[in-house]
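> Protein chains in written order, with my numbering: chain R, 1 to 328; chain L, 1001 to 1258; chain A, 2001 to 2306.
If you're looking for bench data, these hints aren't it; they were derived computationally from the structure.
Remember, it's a predicted structure, so these values are computed and weren't measured experimentally.
Don't be surprised by glycine CBs; every beta carbon is placed ideally from N, CA and C.
Possibly wrong hints are sitting among the right ones.
Pair ranges (Cβ atoms, derived) [said to hold, decoys possible]:
(1) R:ASP147 / A:PHE2121: 22 to 28 Å
(2) R:ILE159 / A:LEU2079: 55 to 61 Å
(3) A:ARG2189 / R:TRP281: 37 to 43 Å
(4) R:LEU26 / L:SER1078: 48 to 54 Å
(5) L:SER1078 / A:THR2214: 47 to 53 Å
(6) R:ILE159 / L:GLY1145: 14 to 20 Å
(7) R:ILE159 / A:THR2214: 30 to 36 Å
Non-contacting residues of chain R with respect to chain L, defined by C-beta distances greater than 10 Å in every case (computed) [to be verified]:
(8) ASP90
(9) ASN91
(10) GLY145
(11) ILE159
(12) ASP163
(13) GLY199
(14) VAL204
(15) PHE214
(16) PRO283
(17) MET286
(18) ALA312
(19) ILE323
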Amino acid sequence: MGVFSILRDGLARNRLLGLILAGFALFPVLSGIMDEPFWNDLAMRIMLLGMAAMGLNLVLGYGGMVSFGHAAFVGIGAYCVGISQFYGFDNGWAHIAISLAACGLLGLVIGFLSLRTTGIYFIMITLAFAQMLYFLFVSLETYGGDDGMSIDRADFMPIDLWDPLRLYYLIWAGLVIVSLLLMVIVRSRFGVVLEAIRGNESRVEAMGLVPLHFKITGYVISAMICGLAGALFASWQEYVSPDIMHWSRSGELMIIIILGGIGTMAGPLIGAVAFLLLEEWLPELMHLVAPAYAENWMIIFGPVLIGVVLFARGGLVGLLARIGGRRS
Amino acid sequence: MSVQARTGPVLSLAGLNKSYGALQATGDVALEVAAGEIHALIGPNGAGKTTLVRQIYGSEAPDSGSIRLRGEEIGHLSVPQRVRQGIGRSFQISNVLADFTVIENAVIAEAARTGDAFRFLRPAVSDPVLVEGAIKILSRVGIEGRADTPVSDLAHGERRLLELALALASDPALLLLDEPMAGAGPEETQHMIGIIDRLRGDVGILLIEHDMDAVFRLADRVTVLVEGAVIASGTPDEIAGDAAVRAAYLGSDDDAAA
Amino acid sequence: MSFILLLEQIFNGLQFGVTLFLIAAGLTLILGIMDFVFLAHGAQVMIGAYAAASLTALTGHFYLGILLAIPITFASGYLLEYLLIRHLYRRNHMDQVLATFGLILFFNELIRIGFGPAALFSSLPPSLSGFVNILPDTPYPLFRLLVIAVGLACALGIHLLVSRTRMGAMVRAGANNETMTAALGVNIRVLRRLVFAAGACLAGVAGMMLGPLTAVEPGMGEPLLILSLVVIIIGGIGSVRGAFIAAILIGIVDTMGRVLLPVILRSFMGQAAADGAGPALASMMVYILMSLVLVIRPTGLFPPKG
Chain R
1 MGVFSILRDG LARNRLLGLI LAGFALFPVL SGIMDEPFWN DLAMRIMLLG MAAMGLNLVL
61 GYGGMVSFGH AAFVGIGAYC VGISQFYGFD NGWAHIAISL AACGLLGLVI GFLSLRTTGI
121 YFIMITLAFA QMLYFLFVSL ETYGGDDGMS IDRADFMPID LWDPLRLYYL IWAGLVIVSL
181 LLMVIVRSRF GVVLEAIRGN ESRVEAMGLV PLHFKITGYV ISAMICGLAG ALFASWQEYV
241 SPDIMHWSRS GELMIIIILG GIGTMAGPLI GAVAFLLLEE WLPELMHLVA PAYAENWMII
301 FGPVLIGVVL FARGGLVGLL ARIGGRRS
Chain L
1001 MSVQARTGPV LSLAGLNKSY GALQATGDVA LEVAAGEIHA LIGPNGAGKT TLVRQIYGSE
1061 APDSGSIRLR GEEIGHLSVP QRVRQGIGRS FQISNVLADF TVIENAVIAE AARTGDAFRF
1121 LRPAVSDPVL VEGAIKILSR VGIEGRADTP VSDLAHGERR LLELALALAS DPALLLLDEP
1181 MAGAGPEETQ HMIGIIDRLR GDVGILLIEH DMDAVFRLAD RVTVLVEGAV IASGTPDEIA
1241 GDAAVRAAYL GSDDDAAA
Chain A
2001 MSFILLLEQI FNGLQFGVTL FLIAAGLTLI LGIMDFVFLA HGAQVMIGAY AAASLTALTG
2061 HFYLGILLAI PITFASGYLL EYLLIRHLYR RNHMDQVLAT FGLILFFNEL IRIGFGPAAL
2121 FSSLPPSLSG FVNILPDTPY PLFRLLVIAV GLACALGIHL LVSRTRMGAM VRAGANNETM
2181 TAALGVNIRV LRRLVFAAGA CLAGVAGMML GPLTAVEPGM GEPLLILSLV VIIIGGIGSV
2241 RGAFIAAILI GIVDTMGRVL LPVILRSFMG QAAADGAGPA LASMMVYILM SLVLVIRPTG
2301 LFPPKG
């Protein structure tokens, strides 16, 4: 079985994801026709958050490790770009390589230290490491401290990013690569063992495998994907501040995954679409219903999250599957 | 006898001790399992049988003593290391991968056995090499016909068989069976006895079992554990006739050896 | 740095520590015996602070405001458990994180709508705004001393409640075994609700005492929530004693770090840079401390037995 047929097989099993990726590829045509360039901006944000959530989903959904600090990897990925530029280093490809290396290394260290613990302790120690990095960057005045640093759109030779549409397709290509990578990984021996560990660690040990090795490897891959998302995020936002690593950002990534459907390929991306559309539309909806409270859309958004937990098990992907199942 | 002398015991324990505070869970235990024999470990509830198995398996560390597998000290090794050295274990409560199908369970076990679990590209479950090995694993206990069934749909007896299949998957030299008949009906028990009987000669088995009928039908040798200490060891006939065992354990149940 | 300033900071650390303990005491039981990840505990602090501040303004009387606010915080915890939390006990940690994260958003926005986004500053009555000498010629704010006293009194009360009463025994036994506790004649549902309400009440009291010392504003609970989670983890989830020791430790490390680190940093960088980096590095120290504890003892310093 060659790489090509493995990919084709993977796509055939993940039609929903393939469909969404195709949708993002064609989306600029629609926004062009409608003459709404802002839509592309929103779509880029969705793809970036979706990419980071996909990375987190590998450990959260497939590996069963509730990491509450993955925004730190997104942040480190973005700061790698900012700091590289700060020292006059402008090549975008090199930025990505640096981000991947930094997040891989950091993921290895944090994973190694955190994965000794389980349950609530694991949730909290991953949160603690993220907080450490957050406060570290708040304290680094050289790189803007609390205020953050501005970033020039990097130089992705030979692609010149003067046209925002090129950035759009750069991000899209990144998302496609991450999707294909994860699609293959979760069905590989490694991926299946990782999923087995989630359900029953002691049985995997009894087979002669060391669960920790698989968990750390999964953690590192996931950190690197978040790093990639962060590096591209820096180019998109042209700015980075410690806020990108705030603990509530890690919470948002978890929300996106659960909203879309945890432990599914398409879930994180669908979740990102839903999350950001809610964020865009709820204020407008509030503006229509109660203009005085347009700013206070969180009063609806909070209960929506609770409702998803209580009533929409399996997230939107689960919901789609149930609708599809009823039809057939 | 001469064959045994050449190959030596597959497992030998010497001077094994483990206590929890004042409670002596394992007291100076010495025990040998010969290659290919079925060695039953019996004793009343709380005698420390499972604790002993856990120490051999590596999920609990003894306070002192030696554990040798085929002559090599393994006391310092972790659970996965011991499994790779040749120990297989079935658990008292079925411990299979409940979210997967039967064949997926076996495929993962096969990937572990071949030592190639760290691969990221080819899909595992449709890998013909793995599937072929997985079918072999299942056929040793005769459940290859249920390959595509989700574990959650298996009957209790089938789960016990899958459990045994997974314990055998790594081609162990020593198999630790912790109450394989637990919770099984009479028919399932007879079936399980037949399968374990057929393993005799292939693998050394340390069998913990409460079903005395099964013990006396299967065991080549029996060791009796009471309050963490070995009070008798011998052939089933010797054990059935041992006065100390009767007094301490078999009690008035004289039919046990029949 | 003078000895007097140092002493003052130790007292400030102690005051912050007991405040953290009040927040952590209930939360450690919620995490420990109910195995429930409750992120909205910071909102209970905020509710307490707002209740006290607005009731004080309304009645024109500080003590009366506090007295009326206490039952409100108890009731808010009780109601929250009844309306939502009890449906989430059987869910996995992730669902709990998400649902209680939603609660945070909801409560913060509710307060923003009700009281506006700006911070409230509540003033102390003259009888409490004075100073006392803790050593000769070493004045220290009376109210902060009072906070320490109230915190220690609450700690003693919780200790007696948990270690001496029948209900405390249930809590200690890790009363999540429904059949066992039912057999003992304890209604597990009522027990959980009471632990929840009492926890909310303690967190609310922490908020009331922080009110006159800091800004009362939407979202004020979250930094405190995160710090009290650190406290709980260091102390060992479910251990009230561990939470107390860890809270004092974190209170002093955080406070001292904020004051001492800029001073230390000034010796090898500019004053402005040092003053900017110091507090953030002090916050980092807290998390470094926590990860050190977890790396060495993966279940905290005083994990409850069993």
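> With 10 Å as the threshold, tell me whether R:PHE214 passes as away from chain L on beta-carbon distances.
At roughly 8 Å from the nearest Cβ of chain L, R:PHE214 sits no farther out than 10 Å, so the non-interface label is violated.
> Any Cβ of chain L at or closer than 10 Å to R:GLY145, or is the non-interface label fine?
With a cut-off of 10 Å, R:GLY145 remains clear of chain L, as the shortest Cβ separation is near 40 Å.
> Hint says 37 to 43 Å; check whether the CB-CB distance for A:ARG2189 and R:TRP281 agrees.
With a Cβ separation near 39 Å, A:ARG2189 and R:TRP281 satisfy 37 to 43 Å, so the hint holds.
> Minimum Cβ separation between R:ILE323 and chain L greater than 10 Å?
holds (23 Å)
> Beyond 10 Å from every Cβ of chain L: is that where the Cβ of R:ASN91 lies?
Given that every Cβ of chain L is farther than 10 Å from that of R:ASN91, nearest at about 28 Å, it holds.
> Measuring Cβ to Cβ, find out whether R:MET286 lies farther than 10 Å from everything in chain L.
holds (41 Å)
> Should the label of R:PRO283 as a non-interface residue stand, given a Cβ cut-off of 10 Å to chain L?
holds (40 Å)
> Determine whether the non-interface label on R:ASP163 survives the test: each CB of chain L must be over 10 Å from its CB.
holds (35 Å)
> Could you let me know if the closest chain L CB is still more than 10 Å away from the CB of R:GLY199?
violated (5 Å)
> Starting from the hint 47 to 53 Å, judge whether the C-beta atoms of L:SER1078 and A:THR2214 obey it.
Once the Cβ atoms are compared, 50 Å apart, the range 47 to 53 Å for A:THR2214 and L:SER1078 holds.
> Honestly, do R:ASP147 and A:PHE2121 meet the 22 to 28 Å range at C-beta?
This hint holds: roughly 26 Å between Cβ atoms.
> Could you tell me whether the CB distance from R:ILE159 to L:GLY1145 stays inside 14 to 20 Å?
violated (56 Å)
Violated hints, in rising order: 6, 7, 13, 14, 15; the structure is consistent with all others.
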